[in-house]
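2 protein chains.
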Amino acid sequence: MKPVKVGLFGLGTVGTGVVRIVEGHHEDLMSQVGSPITIHKILVKDRAKARSVSIDPSKLTEDPWEIVQDPEIDVIVEVMGGVEATKELILAALERGKHIVTANKDLMALHGPELLAKAQQKGCDIFYEASVAGGIPIIRTLIEGFSSDRITKIMGIVNGTTNYILTKMSQEGADYADVLKEAQELGYAEADPTSDVEGLDAARKMTILATLGFRATIDLADVDVKGISSVTQEDIRYAKRLGYEVKLLGIAERQDEYVSVSVQPTFVKTSHPIASVNGVFNAVYVHGEAVGETMFYGPGAGELPTATSIVADLVAVVKNAKLGVNGRQASISYKEKKLKSDKQIASKYFMLLHVEDRAGVLMQIAQVFADYDVSIESVMQPPTPDRKGAELIIITHEASKDSMNRVLQAFQDLSTVRTIKSLYRVEG
Amino acid sequence: MKPVKVGLFGLGTVGTGVVRIVEGHHEDLMSQVGSPITIHKILVKDRAKARSVSIDPSKLTEDPWEIVQDPEIDVIVEVMGGVEATKELILAALERGKHIVTANKDLMALHGPELLAKAQQKGCDIFYEASVAGGIPIIRTLIEGFSSDRITKIMGIVNGTTNYILTKMSQEGADYADVLKEAQELGYAEADPTSDVEGLDAARKMTILATLGFRATIDLADVDVKGISSVTQEDIRYAKRLGYEVKLLGIAERQDEYVSVSVQPTFVKTSHPIASVNGVFNAVYVHGEAVGETMFYGPGAGELPTATSIVADLVAVVKNAKLGVNGRQASISYKEKKLKSDKQIASKYFMLLHVEDRAGVLMQIAQVFADYDVSIESVMQPPTPDRKGAELIIITHEASKDSMNRVLQAFQDLSTVRTIKSLYRVEG
Numbered sequence: 001m002k003p004v005k006v007g008l009f010g011l012g013t014v015g016t017g018v019v020r021i022v023e024g025h026h027e028d029l030m031s032q033v034g035s036p037i038t039i040h041k042i043l044v045k046d047r048a049k050a051r052s053v054s055i056d057p058s059k060l061t062e063d064p065w066e067i068v069q070d071p072e073i074d075v076i077v078e079v080m081g082g083v084e085a086t087k088e089l090i091l092a093a094l095e096r097g098k099h100i101v102t103a104n105k106d107l108m109a110l111h112g113p114e115l116l117a118k119a120q121q122k123g124c125d126i127f128y129e130a131s132v133a134g135g136i137p138i139i140r141t142l143i144e145g146f147s148s149d150r151i152t153k154i155m156g157i158v159n160g161t162t163n164y165i166l167t168k169m170s171q172e173g174a175d176y177a178d179v180l181k182e183a184q185e186l187g188y189a190e191a192d193p194t195s196d197v198e199g200l201d202a203a204r205k206m207t208i209l210a211t212l213g214f215r216a217t218i219d220l221a222d223v224d225v226k227g228i229s230s231v232t233q234e235d236i237r238y239a240k241r242l243g244y245e246v247k248l249l250g251i252a253e254r255q256d257e258y259v260s261v262s263v264q265p266t267f268v269k270t271s272h273p274i275a276s277v278n279g280v281f282n283a284v285y286v287h288g289e290a291v292g293e294t295m296f297y298g299p300g301a302g303e304l305p306t307a308t309s310i311v312a313d314l315v316a317v318v319k320n321a322k323l324g325v326n327g328r329q330a331s332i333s334y335k336e337k338k339l340k341s342d343k344q345i346a347s348k349y350f351m352l353l354h355v356e357d358r359a360g361v362l363m364q365i366a367q368v369f370a371d372y373d374v375s376i377e378s379v380m381q382p383p384t385p386d387r388k389g390a391e392l393i394i395i396t397h398e399a400s401k402d403s404m405n406r407v408l409q410a411f412q413d414l415s416t417v418r419t420i421k422s423l424y425r426v427e428g
Numbered sequence: 001m002k003p004v005k006v007g008l009f010g011l012g013t014v015g016t017g018v019v020r021i022v023e024g025h026h027e028d029l030m031s032q033v034g035s036p037i038t039i040h041k042i043l044v045k046d047r048a049k050a051r052s053v054s055i056d057p058s059k060l061t062e063d064p065w066e067i068v069q070d071p072e073i074d075v076i077v078e079v080m081g082g083v084e085a086t087k088e089l090i091l092a093a094l095e096r097g098k099h100i101v102t103a104n105k106d107l108m109a110l111h112g113p114e115l116l117a118k119a120q121q122k123g124c125d126i127f128y129e130a131s132v133a134g135g136i137p138i139i140r141t142l143i144e145g146f147s148s149d150r151i152t153k154i155m156g157i158v159n160g161t162t163n164y165i166l167t168k169m170s171q172e173g174a175d176y177a178d179v180l181k182e183a184q185e186l187g188y189a190e191a192d193p194t195s196d197v198e199g200l201d202a203a204r205k206m207t208i209l210a211t212l213g214f215r216a217t218i219d220l221a222d223v224d225v226k227g228i229s230s231v232t233q234e235d236i237r238y239a240k241r242l243g244y245e246v247k248l249l250g251i252a253e254r255q256d257e258y259v260s261v262s263v264q265p266t267f268v269k270t271s272h273p274i275a276s277v278n279g280v281f282n283a284v285y286v287h288g289e290a291v292g293e294t295m296f297y298g299p300g301a302g303e304l305p306t307a308t309s310i311v312a313d314l315v316a317v318v319k320n321a322k323l324g325v326n327g328r329q330a331s332i333s334y335k336e337k338k339l340k341s342d343k344q345i346a347s348k349y350f351m352l353l354h355v356e357d358r359a360g361v362l363m364q365i366a367q368v369f370a371d372y373d374v375s376i377e378s379v380m381q382p383p384t385p386d387r388k389g390a391e392l393i394i395i396t397h398e399a400s401k402d403s404m405n406r407v408l409q410a411f412q413d414l415s416t417v418r419t420i421k422s423l424y425r426v427e428g
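Read top to bottom, the protein sequences are chains X and D. Take 1 as the starting number for the first sequence in full-length UniProt numbering and just add one per residue. Take 1 as the starting number for the second sequence in full-length UniProt numbering and just add one per residue.
A portion of the hints provided could be inaccurate.
You can't tell identical chains apart in this list, so a pair holds if it fits in one copy or across any two.
[Unchecked claim] As a list, the in silico DSBU-like pairs of lysine-lysine whose alpha-carbon atoms are at most 35 Å apart:
#	residue 1	residue 2
1	118	322
2	338	2
3	2	335
4	340	319
5	153	2
Source of the hints: derived by calculation from the structure; they are not laboratory data.
Isolated chain X (complex conformation):
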C-alpha cells in the first residue's frame, strides 16, 4: 500500500476543493484504489498567503520545477491555468513519467493533441474531465458511454457566467449591462469578462467536446464564435413572446462526414430540455444516431463540483497504474476532419428588422428572401407606437448560412431596410 503522491499546481478555488476532497474522502478513496492518496507538494504564487484549508507549510513551494523534478511524485494535478508556460511544465512532467490531471480547457483546446500524443508515448495518462462543464462527467460519457454510437449533434450550455446573465435578463427583465455588473459583484463574472461574454471560453470547451464527439481533431479556429454582449432586453422579450429562451449555445453538428462547430446566442424553443437550464448550471445535450436525445445537467464550475471531476480522474489514474495500463487510452481522433462550408451549415433564423413604414416594403423584403431561396415560416409586424418606421420579425425555415449571408448583404443595399437589429439562430 505505497501511497500515491500527488503534486498540485495551484491552490485557488479548485485547488482548495481538491485538497478538501482528497483529505475529506480519504477512506473512501483508499477503499476504491487500494492505496492512500496524498497531496505531496503544492505550487503556489505566494507561500505566505493565508489559506482556507489547513496545509502543512512545508508542502508549499513557489517553484514548479521542484514538483516536476520530484521523483516521488506520481501524478500532477494542474489547476493553475495558463497556456504556454503550463504546457512546458506538463510536457516536462510527462517526459519524467508523471501522469496529468488537468482542469485547463484553454490548454486542452489549444494543445490537447500534442499533450495526448506525448502522454501516450511516455505511457502516461492525461485526463481532463474537469475542463468542460465542471461537475458533469461529459468527457467520460462521450468517450465511453457513446463509443458505439455516431454522434450527430452536441449542444452545450458550457459557460455559467453567460447563462447566469441571460437567465437574469429573461426572468427579471434586466438589461445586459446591469446584470453583468451584478454578476461581477457576486463573483460569477470576472473583472474583465471578455472571455466569457464574447463566447471564447465556450468555444474552447466546444473544441474539446466536438473532438471527442466526432472522433476528429477540431481546432479552436474552426469554431465560429459570437458572444452575448449585443443581446438586448428587446430580443429576449420577442423570444419569450414567440415561445423561446435566448441561450448561449455551443453547437457542434455532423452530417455525413462534414462537421461544423459554433458558439452563439440562440433562440431555443421552451419545450427543448436545454431551454430550462438556468443560472450558473451547465448542460450538454447529445444526439446520437442510435441513442437519440440525451442530456447531462449539473454545476459547471465551483470549488467542489470541479474538484469532484478532478479527483475522479485521479482515481482513474491510480486504478490504471494498479492494472499497469496507463497511457493506453487510444487517441480518440481516428477520423479526418472535414468542415462544412457555409452552404452546408443550415438552421432556422430569427431576424428583427427596422424598416420604412410604407406600402410595398414587405413585398421587397419577401422578394430578397425568395431570391436567395430562404423560405419564411412567419412574419410579424408589432405595432410601433412612435411611427418612426416599422419593425418586422421574421422567422425562417431552415436555410443555409451562405443564403442568409446573401440576404443580409442584400438588405444592406436596400434603402427601405434601415437596420438589421438582430439575427439569431433558432433551435428546437
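Fit chain D to the supplied structure of chain X, relying on the hints for placement.
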C-alpha cells in the same frame, strides 16, 4: 486482427438493435478497438421465424449450450431476459472464461453480487449499462464519474411506461385506466402491466443504482415499493394546482451511513429538473456531497438506445481484453449496508382527507398531527359542491415515516375522518 466473436442470447427488439449497430457501425467499432467485432451465433426461440434484419440462418440456434460451449465465442450478449435459467447459463459461460454484457435488470437486481464475484474470480468482465435507463450511461457515471464523491441522493424516473401514463394523465386530463389501455395498444405497456405499474421494474433498477451509488449491496427486498395504479385524476389536478407534477420516483437516500430506497408516486415541485421529464423518457437525478445537483436524461428503452449501451459495453470488454485487464473492476460494494428505520426516513407529505363538514373537525385533525410531532406547512379546504362532507388538503413539513404511520393510524380511529383518499411523498 483476430475478430472478436460474440454470442447473442435473444433476437427480440434489443437483440435486433445490437445486430444493427454491430454491423452498421462496423468500421467505427474497428477503429476504436482494433479488431472486427462479429456476431457469431444467436440464440432464438424459433429459427424459422421471420426477422427484420437479414441474418445468415446458419448463425441461429435454439440451443443455448451451443453458444456457452463454443470455444470460439469470446463474449456473450444477453438480451433474452429471464432469471434463474439465464443465471445458470451465464455462470456456465463465465466458468468457460466468456465475458458477459447484459441488459437484464431482474438478473442483476437479484443475483448481481454473485455474478460479479464469479466474473472477478474467472478474470471476466460483466457489464450491464443497458439494465437501467436504456440509453443513459448512468452506471458508468456512478462508478467512474462520481468515484470521488459521496452520493447522498438518487432520484430516478426509470420506468418509461409509468412515466408515459402519468404524463398523459397530467397533460390530457385522462384517467389511469384509459391511458393504460392506450399505452398497451401503442406497445408502451405490456398485456400484463403489473411489473411496470406496480413499481417492481423501477424497484429492480433502483436496487442496482443504489448499490452503485452507496457502494453497499442493496437487496431488492430493501426497496419499499408502491405503484401508480391508485393515482387518480383528482390527485393530479390537486398536484398541478399546488405547483407539482406526480411522477413515479425511485428514491435512494443516505444520511451518515444509513440508507433507504423506495419507489412511489411522488409530488415533485414543477421547478425541479426531474418534474419536466415527460413521456417514455427516463432521467436520473444524482446529488453528491461535493458535486451538488446533477441530472442525466435520455431514452429509457427502445431497440437502438438500449443497443447503444450494450455495444458500448462490448467496446469496453474488447478494450480491456487488449489491455489484458478483464475482470479487474474492483467490486464497488466495500461498505456495510445499514438501512434506515422508519424513524430515520423523512420527507414532506401531501394528504387528501375526506372528513365530516362541521365545526371542530380541523382542530381534531390538527391535534393528531401535533400529537405525533408532524408540523403542517399548509391546509386547504376546497369547496365541495355536494355538501356530503368536506375535503382537506394538507401538506406537511418534513416528517418521519414512523410519525406519518402513527398519524394515519390515528385517523383510522377518528370518526370524523371518513377516508384517507390520498397520501404522497413530496419532493423539491
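Evaluated hints:
no. : hint         : result
1   : 118 with 322 : both (21 Å within a copy, 21 Å between copies)
2   : 338 with 2   : between (47 Å within a copy, 31 Å between copies)
3   : 2 with 335   : between (41 Å within a copy, 23 Å between copies)
4   : 340 with 319 : between (40 Å within a copy, 32 Å between copies)
5   : 153 with 2   : between (44 Å within a copy, 33 Å between copies)
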